[in-house]
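Chemist: Each chain, written out:
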Amino acid sequence: MSDKNMKRKTTMTIVSEGLAKRYKKEKRFKMLGLSAILFSLLFLVFLFSSIFLNGYKAFFQTAVQIDVFFDPAVLDVKDPATANYHGLIKTSLRTAFPDIKKRKDKKKLYGIISNGASFTLRDIVLENPSIIGQTLSVWVLADDDIDMLMKSYIDRELPESDRRMNDMQIDWVDTFKAQNRIKFLFNIGFFTNGDSREPESAGILGATIGSMYMLAITLVLAFPIGIGAAIYLEEFAVKNWLTDIIEVNINNLAAVPSIVFGLLGLAVFLNFFQLPRSAPLVGGLVLFLMTLPTIIITSRVALQSVPPSIREAALGVGASKMQAVFHHVLPLAMPGMLTGTIIGMARALGESAPLLMIGMVAFIVDIPSSIADPATALPVQIYLWADSPERAFVERTSAAIMVLLTFLILMNGTAVYLRSKFERRW
Amino acid sequence: MYTKTISIIAATVIGGSVLTTNIATARDYVSIVGSSTVYPFATTVAEQFGKSTKFATPKVESTGSGGGLKLFCSGIGVTHPDISNASRRIKKSEYDKCQANGVKDIIEVKVGYDGIVLANSKKSHPMKLSRRDIFLALAKMVPGTDGKLIDNPNKTWKDINASLPNTKIEVLGPPPTSGTRDAFAELAMEGGAKTFDNMKALRAAKGDAVKPLMAKLGIPENAFNAKGKNVFKRVAHSIREDGAYVEAGENDNLIVQKLEANPNALGIFGFSFLDQNEDKVQGSSIDGHMPTFEAISDGSYPVSRPLFFYVKKAHVAVIPGISGYLAEFTSDKAWGEEGYLADKGMIPMPGAERAKFASDVQNLTPLVLQ
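Keeping their order, the protein sequence lines are chains V and B.
Going from the first sequence to the numbering used here is simple: count from 1 and add 205.
Going from the second sequence to the numbering used here is simple: count from 1 and add 38.
Just chain B, with the same shape it has in the complex:
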C-alpha cells in the first residue's frame, strides 16, 4: 500500500516539473490588462475579434489603470502583457519605468470618452448642480466666511445653494482605489475648487508665492509644497469623512440599487450605468449640461475623461492577433459614432481625432512623452 502512495507522490512531482518546463515558451493569444472602466469596451472588441477571426480571443484582465501599466512596463516577452488599458493618460513616471525595463516603443491609442454622472432616483426631483456646489457638498475643507478653510459645515443642499432642495447631503460613490474616484476628484472637485479666487491663485502659485496664499486660506504650514498645485490638489481631492459621502464599493450596480431604495441620496458612477438604468435613475445636470451621449461627446458636459490603451510595438510582430485586434478596435463599426462600443456606453471621439489615432495605429507611431 505504501509503495503505491510513494509512487503516486513521485509521479505527481515528476509530472509537475515536466509541465513547468514546457510552459511559458510561447503564447498564441493577446494579453490585455488595465482599467476596469475600459474593460467593458476592450472585452467587447476582444470577443468580436475572437469570434470573427481564426485567432484566439484576447484575454482581458481588469486590474485598474495603475496596476495595468505597472504590469505592462515590467518588461518585454511573452510573460508580460501586450496591451494595457487606462482611464487616464500614462504618467511620466510610468513611461520612464517602461523605458528602463526595455519597453521602448509604446503606441498610445485614445479610444473615446467616459462621462462620470451624479444621479438620483427617478422618484425624486432632478438636481441642477454646478461643480462649485459639488465641491461645497463633498470637500472635507471648504472656505468659510472669512475665506479660511474650515471643516465642511454644510448639512443640506440648501445650505450650499438656495435653489437646491432642503434635503440632507448624502452621496454614494466609489472608494479611493477606484479610477472613477480619481477622475471625479480631478474633474468635478478641482473644477469646483477653482471657482474660489484664492484656491485658483494657489493652484497657479509657485515657490515663495505659495506660503502667503496658504496663510490666507488657513492651511497649516506643514502641508507646504513648493508647487502650489500640489497643495491645491490636496485640498480639492480630500473628500469629507463625516458620513455625507458614503463609500459604496467598486460595484456601480450596487450604487444604482441603493439609490432606488433611498430617493434622497445621490450616486457617482460611470455613464454606461446611467444608460442601462434610465428607468430607475436620472442624471443631474452639471454646470447646465445634462449627462447625455451628445453632451459628453462634444465636451460640453464637464465631468468626462478620455480613455486610452497602450500597445508594445515590440510585441506586434511576435504575438499573433495584435494587429488584428488593433484593426478591429479602430474600425468604424467598433469605435465609430454608430459602432457597437457606443451601444455599450462608450462616447466616441470626433471623426478627425479618430482618424488621427487610427493612422497612429496603422503606422505604429510610438508615443514620445516629454
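Just chain V, with the same shape it has in the complex:
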C-alpha cells in the first residue's frame, strides 16, 4: 500500500514538476507564432506604406493657367481639328514672358506646358467653335518636370548643373506661383486616359478595361467548365486508373508556372488558330487555361465537404442521381465553389508573365473597345511604367499598384464575405 502510494506520489510529482515546463513551452510556442504574424504584418505595413507614400501624389497633377488667344489666322474655321494648337500655346507663353529671346531659352519656356495641352485646346475649340477670335484663360497640364518640381522631387538647393531644371525655369514656375496661376488639380486623366509617353497624360483606363475583358472571358469559360468537370469527376465518374491519372494531371497543372501557359497560348491560339496578337481574347483564353485546374480542385473540395447523408436522403426519397446532385449537393457546395473561383480570378488579374508571350506587353494608347482590339492589363502597365526613364512614372507606377491592390482586396474580400455568409458546416 505504502509502496503504491509512493509510486503514485512520484507520478504526481513528476507531473507537477513538469507542468510549469510544459506551460512554458506552450507559451513560448504561442509567442513564436504571434511574432511570426507580427513580423509578416510588419512587412505588409512596410510594403503598403511605401507604395502609398510613393504613389499618393500621383493622384494630383500640376496645372498651369495660361491666356490663350484663339487666333483666327491659325485656326481654320472649316477644319479646326488639324490646326497648330501648339503654336497657340507658344504664342501665349511668349506674351507672358516677353524678355525671353534666345532660341534655346524659348524651347525651355515652351517645355513648361505638357505636349498633351494642344489636344486640350483642340477639344475646347471643337466643342465650341465660336470662341475663335477670343482670349481665354485655360488651365492646362504642366510638363512632368514642372510637376516633379512642384511635388518637391527636384531639390532646389542643389547646384544648377546638377538639377534637371535650371534657375531660369524655376523662376518661371515661381512667377506663375506668385500670380496664382499654378495649382494641383485632381488627376482625372489618370483614370480616364490610356497609356502615354508623357507621364502627365498617362492613365490606366486602357489597362483596366483590358484586364476586365480578359477576366470576363476567363470567368465565362472557367466557371462553367471548371464546375462541370468537378461535378463529373466527383459525383459521376467511376474511380479507376483513368480518373486517377486525370486527377494527378489536374493537380500538376495547378502547379505549372504561368509562363508555360503563355507559351502554350502562343503556340495554339496565335500560331495555330491565327488569333490576333495582343488581344484580350487570347489573354482571357490563356488565363482560363491557367485558372481552370485551381477552380476544378476547389470545386471538388467544396463538393466533398457536402456530407453523404444529403445525397443518401435525396436518393432515398426517389430522386435520380442527377436530381440529387443538382437540387441538393450543388447549391450547398456553391459558396465554396464561388470562393475558389474568385480567388482564381484574383490570381488571373495579377498575372503578367503569360501575357508577355502573346504580345500584351505593349504600348497601347487607344482604349480597347472589343475583345479583339489590342490591349494591355494592369500588371503589365505597372511593369511598363516601372521601366520608363521619366521620373514622374515612378509615382504613377505606385498609383497603378494601388489601383490593382484595390481590385484584389475587393475580390478577395467578396470571397471571404461569401464564405462567411453562405458556408454551412456540418
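Careful, some of the hints might be misleading.
Which residues of chain B face chain V? A few of them, derived with a C-beta cut under 7 Å, are [as the list claims (entries may be wrong)]: (1) T82; (2) K89; (3) A94; (4) K97; (5) V98; (6) S112; (7) G115; (8) T117.
Here are the simulated DSBU-like cross-link-like pairs (lysine-lysine), alpha carbons at most 35 Å apart as the crow flies [stated by the list, open to error]: (9) B:K166 x B:K92; (10) B:K249 x B:K186; (11) B:K382 x V:K311; (12) V:K295 x B:K249.
These aren't lab readings, by the way, just hints derived from the structure by calculation.
As the structure is a prediction and not an experimental result, all values here were calculated from the model.
The beta carbon of each residue, even a glycine, is placed where N, CA and C say it ideally should be.
Please build the complex by placing chain B on the supplied structure of chain V, with the hints as guidance.
Modeler: Chain B only, in chain V's frame:
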C-alpha cells in the same frame, strides 16, 4: 436548373466560335515590335501620330531586338508585325529568314544613336576610365604578366590603373539577355581587349594563324575556331562572375536607385536614364570623353550604338497609317536636332544622314544585304 447550365455552356461555346471566325481578317492599326531601347522613342512617335491624325495609334511591343526581328520575318499578312525596332543592324541570318518567308522588300531606317554610360553616385568622385580599364575591370579572363590569359585578379580600381581610386570594383549592369549588354560588350569590352597586341592580332587572324596566337594567350585548344574573330569575341564578351559584376536586371531605374544607395558602385545603362537623373548620378568619362549629348552625337564618345527600325514594303499600301507613321518619325520635329525625340534622350543623326534615310523612306528603297 441543369438545363440552364447546359444552355449557358452551349452559348459560350457557340459565341466563342463565332468570334474566332470573325477575327483576323483585317487590322486597322500599325503593329510594331522590337527593341526595348527603341521602345521609348517609337512609342513617343506612335502617340504623336495617333493623337494628331485620324488613324488609330500604332501598337508598340517591347520584345527585344532579336525577338522582334524573329516575329517580323515570320511572314507577310495581318497577323505579322509591320515594323520591327532594333538596337543593332539586322543580321544576315535574319535577313535570309525574312527572304525565305516571303518578306522580300525591307526598308531599313536608322533613327539615331544611343549612348551606353557608366555612371556612379554624385556622392562620390567622377571616374575617368578608358576602354582598357573597363575590360581589365570586368572581363573574366585578362592577360597576366606573361601575356597568357588568367582569371581576372583585379580587386580594386587602383589595381588596374594607378590614377583610379582605391575602391572595390563593383559594377551593376544588365543581364546577358539585354541588348544593352550586347552593345556594351561589343563597344566597350571589345574596344578594351583590342588594346592588347596579341588580342588584336587574334581578332584579325584566320585559319592556321589562329592556333599559335591562342597558345601565346594560353587559350585552351577546344575553344578553337577557324575565324580568330570568334575566339576573340568569346574572350572579350565573357564578363567575370566572381561578384564584381552584378546583374541588376533589365530595369535601369533600379540600377540608378542602387547607385544612390551605394556610392562606390558603378552602373551601366542607357543615356536617357543618365539624362533623367542628372541630380543623382554622374557619367564617367571614357577615353577622355564625357557622355554628353554632343559627344555621342558627333561620335567622339566611344560607347554608342545606332538604332534602327525595319519596315515591310508589302504592308505599306495595305495597313492604314504606315506611311503616315514613317513620315512622322522622319520629320524634323521628331528626329531632328531640336525634335521631341531628342527631348526623350535619343541622340539625333547628322543632317546629311537624316536626309539620306528620309529619302529612303520616301521612295521605299529596299535594303540589300550582301
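Chemist: If you test the structure against every hint from before, which numbers come out violated?
Modeler: Numbers 6, 7, 9, 12 - these are the hints that the structure violates, sorted from lowest upward.
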